[in-house]
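With the hints as a guide, bring both chains together as one complex.
Line order of the protein sequences matches chains A and S.
With my numbering as the guide, the letters of the first sequence map in order to residues 1 to 395.
With my numbering as the guide, the letters of the second sequence map in order to residues 1 to 356.
Certain hints may be false.
[Said to hold, decoys possible] To give an idea of the interface, some chain S residues facing chain A are shown, with a C-beta separation under 7 Å as derived from the structure:
1) Pro31
2) Val137
3) Ile138
4) Leu148
5) Phe329
[Stated by the list, open to error] Example chain A residues on the side facing chain S (calculated, C-beta under 7 Å, incomplete):
6) Val178
7) Asn229
8) Leu232
9) Leu233
10) Ala370
[Claimed, not checked] Sample of chain S residues with no beta-carbon within 12 Å of chain A, all distances over it, derived:
11) Ala139
12) Gly168
13) Leu311
14) Arg325
Simulated from the structure, these hints should not be mistaken for lab results.
What you are looking at is a predicted structure, and each value in this text was computed from that prediction instead of being measured.
Beta carbons: idealized from backbone N, C-alpha and C, even for Gly.
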Amino acid sequence: MSGLKPRIERLFGVLIRLSTGERMLLSSAAVLVAVGVGMIVILGAGYAATCRSPALSVFGLEFCYNPIETYFVLLQGAFGDSFKLAVTLQWTTLLLFTGLSFAIPYKAGLFNIGAQGQFVLGSLATTIALLWAAEIAPSGMLGRLVLVPVGLLAGGAIGGLYGLLPGYLKHRFEVNEVISTLLLNFIATAIAVVTVDRYFADPELQGTVSRSIPTEAVLSSQLFPSSANFSLLVFAFALLVLGGFYWLLTNSAIGYEIRTMGTQPKAARFGGVSERFTTLFSMTTAGVVAGVGGAVFIMMVLGRWQTGAPPVGFDGIAVSILAGNNPLALLPSGLLFGALQSGGQAIQFQLGIPSEIVGVLRGLIILLVATPELFRLFGTQLERRGLITVDGGRE
Amino acid sequence: MRSELKTPAKWLGGFLAVILVLVVTSWIVPPESITGQVLDALLDTSYASATLRVAVPIAFAAMGGIFAEKTGIINIGIEGFLILSALSSIVAVVGLTDAGVPPQVALWLGFAVGILVSVGAAAVFGVFVIRYQSNQVIAGLAIWLISLGVAPFVSLVLFESVNSPSVGTLGTWRIPLLAEIPVVGPIFFDASPMVYLMLISAPLCWYVLAYTRLGRYIRASGDNPRALDTAGISVSRTRFKGVLISGVLCGIGGAGFTLGQLGRFVGSGETSIGGRGFLGIVAYLFGNYNPILSTIGALLFASFDALQFRLQQIPALAIPQQFFRVLPFVVVILVLMFVGRTRIPAALGEHYDDDE
Numbered sequence: 001m002s003g004l005k006p007r008i009e010r011l012f013g014v015l016i017r018l019s020t021g022e023r024m025l026l027s028s029a030a031v032l033v034a035v036g037v038g039m040i041v042i043l044g045a046g047y048a049a050t051c052r053s054p055a056l057s058v059f060g061l062e063f064c065y066n067p068i069e070t071y072f073v074l075l076q077g078a079f080g081d082s083f084k085l086a087v088t089l090q091w092t093t094l095l096l097f098t099g100l101s102f103a104i105p106y107k108a109g110l111f112n113i114g115a116q117g118q119f120v121l122g123s124l125a126t127t128i129a130l131l132w133a134a135e136i137a138p139s140g141m142l143g144r145l146v147l148v149p150v151g152l153l154a155g156g157a158i159g160g161l162y163g164l165l166p167g168y169l170k171h172r173f174e175v176n177e178v179i180s181t182l183l184l185n186f187i188a189t190a191i192a193v194v195t196v197d198r199y200f201a202d203p204e205l206q207g208t209v210s211r212s213i214p215t216e217a218v219l220s221s222q223l224f225p226s227s228a229n230f231s232l233l234v235f236a237f238a239l240l241v242l243g244g245f246y247w248l249l250t251n252s253a254i255g256y257e258i259r260t261m262g263t264q265p266k267a268a269r270f271g272g273v274s275e276r277f278t279t280l281f282s283m284t285t286a287g288v289v290a291g292v293g294g295a296v297f298i299m300m301v302l303g304r305w306q307t308g309a310p311p312v313g314f315d316g317i318a319v320s321i322l323a324g325n326n327p328l329a330l331l332p333s334g335l336l337f338g339a340l341q342s343g344g345q346a347i348q349f350q351l352g353i354p355s356e357i358v359g360v361l362r363g364l365i366i367l368l369v370a371t372p373e374l375f376r377l378f379g380t381q382l383e384r385r386g387l388i389t390v391d392g393g394r395e
Numbered sequence: 001m002r003s004e005l006k007t008p009a010k011w012l013g014g015f016l017a018v019i020l021v022l023v024v025t026s027w028i029v030p031p032e033s034i035t036g037q038v039l040d041a042l043l044d045t046s047y048a049s050a051t052l053r054v055a056v057p058i059a060f061a062a063m064g065g066i067f068a069e070k071t072g073i074i075n076i077g078i079e080g081f082l083i084l085s086a087l088s089s090i091v092a093v094v095g096l097t098d099a100g101v102p103p104q105v106a107l108w109l110g111f112a113v114g115i116l117v118s119v120g121a122a123a124v125f126g127v128f129v130i131r132y133q134s135n136q137v138i139a140g141l142a143i144w145l146i147s148l149g150v151a152p153f154v155s156l157v158l159f160e161s162v163n164s165p166s167v168g169t170l171g172t173w174r175i176p177l178l179a180e181i182p183v184v185g186p187i188f189f190d191a192s193p194m195v196y197l198m199l200i201s202a203p204l205c206w207y208v209l210a211y212t213r214l215g216r217y218i219r220a221s222g223d224n225p226r227a228l229d230t231a232g233i234s235v236s237r238t239r240f241k242g243v244l245i246s247g248v249l250c251g252i253g254g255a256g257f258t259l260g261q262l263g264r265f266v267g268s269g270e271t272s273i274g275g276r277g278f279l280g281i282v283a284y285l286f287g288n289y290n291p292i293l294s295t296i297g298a299l300l301f302a303s304f305d306a307l308q309f310r311l312q313q314i315p316a317l318a319i320p321q322q323f324f325r326v327l328p329f330v331v332v333i334l335v336l337m338f339v340g341r342t343r344i345p346a347a348l349g350e351h352y353d354d355d356e
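In isolation and in its complexed conformation, chain S is listed as follows (with noise of 0.2 Å):
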């Protein structure tokens, strides 16, 4: 597992280079000119921080759906999960706060709230796919247009509309003396809560699954669940495990985009989660099923993402806002077709009947 790391690190070297190159380059361009426009939106801290902000929920959902996938288990439904938890979360705040507890606890316990709801989510699919077989795309579809209908339905029911009120955000946390780091420091230490816990998670993902016991099991459960069997493990209940760690971290990334970033539900349309859900099965792949290397095809997605609004401010560049939302998908497939198969876990998408 030591060489997964090398990875990372290449990618790691590479964006170092890149952004060296980008510092070499707009010294040398002009200012003025469209280059030097680009440049300098590029290399703002600023820009660094939304990207980060942004990739929150995109790399959860990512992380989340590595948990379902390496024990075997197909789950489309994340997009779903990520709806669910950011409705409850915010139904959660505004009922609290109507209650009178203070604003900060309310978001808090609201992102608690969102998490639970997710999980149990994620337990009824669980149960589904495990205990009765379900088609585990289909259901996952399924999960996912339930959501699609049910979050808006309940805002109507609960708000008189598909929107929910504005409930503020959990802020950003500004930790001493690191942050007066120049660069690094605003970047990385003034942030949202919501962008430590991704940064601390994916490395404690990518441990949990290489060196753990219960890594050891998921990755047995996805890759070769008749041993694991016959090792005395049930691989249905490892899989519940791993379709339940997949509830909660879809559950902290749709209630952390929704209290961290948005602080309101978007009910309409694809709602305010609008296919983040989606880009996260796509930095898993883009990411060969590596937590560390998913939240990078995270962060590079976001990036595309956060780039977009700063590419609008510079009115010489007349690059359409759909050019930005669809380049991930873009970029996945052509990853898909060129960089190489990615390690799919080889009983994905099968039941397996333990032997009782």
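The shape of chain A in the complex, shown without the other chains (with noise of 0.2 Å):
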């Protein structure tokens, strides 16, 4: 098993040495790709499904939904007014803390699939702790004062916990992560359901729902609808955390040790950089970051918790590969993927084309960020034909 580390770094190889501007060209070309291959998706759809009046018909083929439309309702349902940017940036608030909880770990050499875990275990830490406090917490303003940080202590804490797991599992163990953290998703919703169940069900609703958070602890809208539940001061501790973090791994002692570990581990190791602490530290952080995530997830959108968390852990492994795992380019990530959840809804309303093809999207704009080397391949192909040239920049 000593092989590997190398075997990692030669696994992140291609990923890593990619430059900010190469990646930057990359991402744009993964989504230009994505949204080609959505509408062929669409059109393929459209002609399968059955409508009264198609939108689209040509050559004789009649087709229920016309793809540039799909977009363009798509970018106005994400965009089209104040409500709707708030929803947007709701989902974006979510995706910045999940997708940082990726990037850390990846920096450190480390995939942390189980964001979605952390998320959920966080977001029930947030509600416990919230349920109890209201009990002897006072009310009005100081009350406020109390609880906010109360919840997302909690579920910072309970997150960070369940994402130091899989690092302990990891460094002493030799448990590979990606598999620990993928099983412990399943868990955390497991033993969520169960807690909620049996110890804060609401007796007055069906199904698993747990009582409602005190009103004191609810971030409440500023500027935008309050019926869209997005708070801007929490947007803006997000975009805080975001840029402490790019301080921490770019310019901090610790961030070099990081991405010395994740980028060339044997010249970290032999340098003095301790591989337990980057390891434990970096899932540990990750699961904290997943966790204030669920208690802004509780505090701000939900006020309860219940069943059938939305998957942001998962979006969050796209938004977070989108940016290139750079906490900064995070912000149009993520703000790209807030768009499609929302977008998604109004495509559904306004056209009847099921939401699910934004996951499908999503899906696409993964496996083609993750693949640099189609692209890689396309632009030789198109020089070598001579209509484009490459001047430089070539490893």
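What follows is the structure in structure tokens.
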């Protein structure tokens, strides 16, 4: 098993060697190609579907859905008015946390597929802590000053522990973190469902729904319509966290150690970087960030714990990969995926196109970003035919 | 490779010993007690046949995973292949029945379509990871996420609901004479054709990997691709073959589960496949990349799942069903921690350029 680190190094090799500019080009190209493939899927589906009046007819072929119109409605559904923009930003906020949760361990050469579980348990811990604290906390402004930190801390702490666990398993028992974090997601959901069912269920509601958290702990909306459940302050907090981690990863000693361990593990170990520290630290931090995301989900969006958490943990992987795992680039990437989420609802309501198409786009984008070689070969082809000229910058 | 057979033999011996102990205990304890009731549920032949049935998708997913990983390709996308074959088999059956094909014929044709679609998806996956050197873990995740979107999308477009209509199942095949044997007969010789297929495939896959030329190439491609290349065999092609076989087996798993057991496709949440592909990954890690051991692992996990339904009949035991659902995951994490290192192919996840 001693060969595991160099193996991971080689595994990540292609992605790590890309420069920032190449990455941006790659991400944009991936999004464009995914949008193009999405159009074909929509056309195909529109051909197979049955409808009263076709939206498009070409050469006698009738299609129920018009791809161009679909994307237009999607954009409008994401940014059309302040309510829609607020919903987009609400998703973006959550995705920034879970995206960061994938990006930090990635820098250390680790895959955290477990943001979903950390998010779910974080949100559970927040709910429980707030339900308990509500009984002793004062009401009004003072209560808010107590409850908001309590909720965030509880989510971050439990999420962090749930991230530490696979980190420890990796360090102590060499359990592959891809497998352990993947499995821990399922375990987290089961723990949460059983706990809420048994101890915190709202007696007046059917299904696995907890009692509501106290109103003092709700992060209410500013500037945007209150029904959109989007707090600008929380968004600013998320941006601050992003900036903080960007600084930590690029400018601090800890960040340097993490990055060296991710790109040059042999050199890192030779240089005295503790693998134990980088593994445990990056996985725990990832868990904390995802857990805080869970806390925000409860305190800003839902107000209680219930089953069927949105897959923001898995989407976070997509957000981070599209961003080249750069904390600052998470913002545009998160915005894109946030827009896809809220816009997906619009195409379903207005055009009757199943919003699941958004899931397809998400998967396509990840697949394409994970395949820089495809675009490189394509670029080489174009260059060979004299269609484009590439000046310098090549390896 | 002969020593590899010792472990399955040990497992079988252990299993028979456990059954013996259970039978003896069930004679001693009073049948009305909770222990008596639980033992009663455990020693029922229908519990054993349920376990076999439930194990089908998990075992095939595991075998599929083994063939990809043995060639050196990490295949996290198994779950996606299962979802795609599950949906496409149903779509084909519904289409064929509408066209007037008799139901049983339509079901078998649908089964074939499910496998074909899974192989097609595996081919695309193979081209991406082998030809275009995609990051294998991320590409696998992408396959899962795409399938998770495509399947309910297609179902909504065609059936106007995320869930498909019910189409019936392949039923059971009763083997004359053998099915009359007490205990063993009803369990092993009056079962779904998919169960027979699983019981045949496990040793077959083991044999192919251990003793055939293709099997040797596949193992070499994962353990020492350079040696294989030096011997004049294309590593890329061997890996592509492995991924395609993986697609076939996952297709059997997805379509076999859907047409052999469920009779419909459910597209809500994590779809009707609901993590069975991941359980397959867990099963082959448990079985240390040995198809027979992995199938035993799949049977073990299936027995937890089947137990859940039976224990729910005993009101005195109030074990939440989630407990049984995640038990396999907990078991595997513990196995990975304590029982020992799995023998991961040395070149797993590495790209290899053939010297051409």
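Closer than 7 Å between Cβ atoms is the bar; does isoleucine 138 of chain S clear it against chain A? Give me holds or violated.
This hint holds: isoleucine 138 of chain S lies near chain A, its Cβ roughly 4 Å from the closest one there, short of 7 Å.
Does alanine 370 of chain A pass the interface check with chain S, least Cβ-Cβ distance below 7 Å?
For alanine 370 of chain A, the interface hint holds, since the closest Cβ of chain S sits about 4 Å away, which is under 7 Å.
Can you verify the interface hint for leucine 148 of chain S: is its Cβ closer than 7 Å to any Cβ in chain A?
6 Å, holds
Does the claim that alanine 139 of chain S lies off the interface hold, with its Cβ farther than 12 Å from every Cβ of chain A?
5 Å, violated
Given phenylalanine 329 of chain S was flagged as interface, is its beta-carbon under 7 Å from a beta-carbon of chain A?
Given a least distance of 4 Å, the restraint on phenylalanine 329 of chain S holds.
Interface restraint verdict for proline 31 of chain S against chain A (beta-carbon cut-off 7 Å)
30 Å, violated
Cβ separation check - leucine 311 of chain S to all of chain A, threshold 12 Å
15 Å, holds
Verify this label for me: arginine 325 of chain S is non-interface relative to chain A, using a Cβ-Cβ cutoff of 12 Å.
6 Å, violated
Does the closest beta carbon of chain S sit nearer than 7 Å to the beta carbon of asparagine 229 of chain A?
Because about 23 Å separates asparagine 229 of chain A from the closest Cβ in chain S, which is outside the 7 Å limit, the hint is violated.
Have a go at the valine 137 of chain S hint: is there a Cβ in chain A nearer than 7 Å to its own Cβ?
6 Å, holds
Let me know if the C-beta of valine 178 of chain A comes in closer than 7 Å to any C-beta of chain S, holds or violated.
Holds, because the Cβ-Cβ distance from valine 178 of chain A to chain S comes to roughly 6 Å (cut-off 7 Å).
Assertion that glycine 168 of chain S lies outside the chain A interface [Cβ separation over 12 Å]
24 Å, holds
Checked against the numbered hints given earlier, this structure breaks hints 1, 7, 8, 9, 11, 14; the rest are met.
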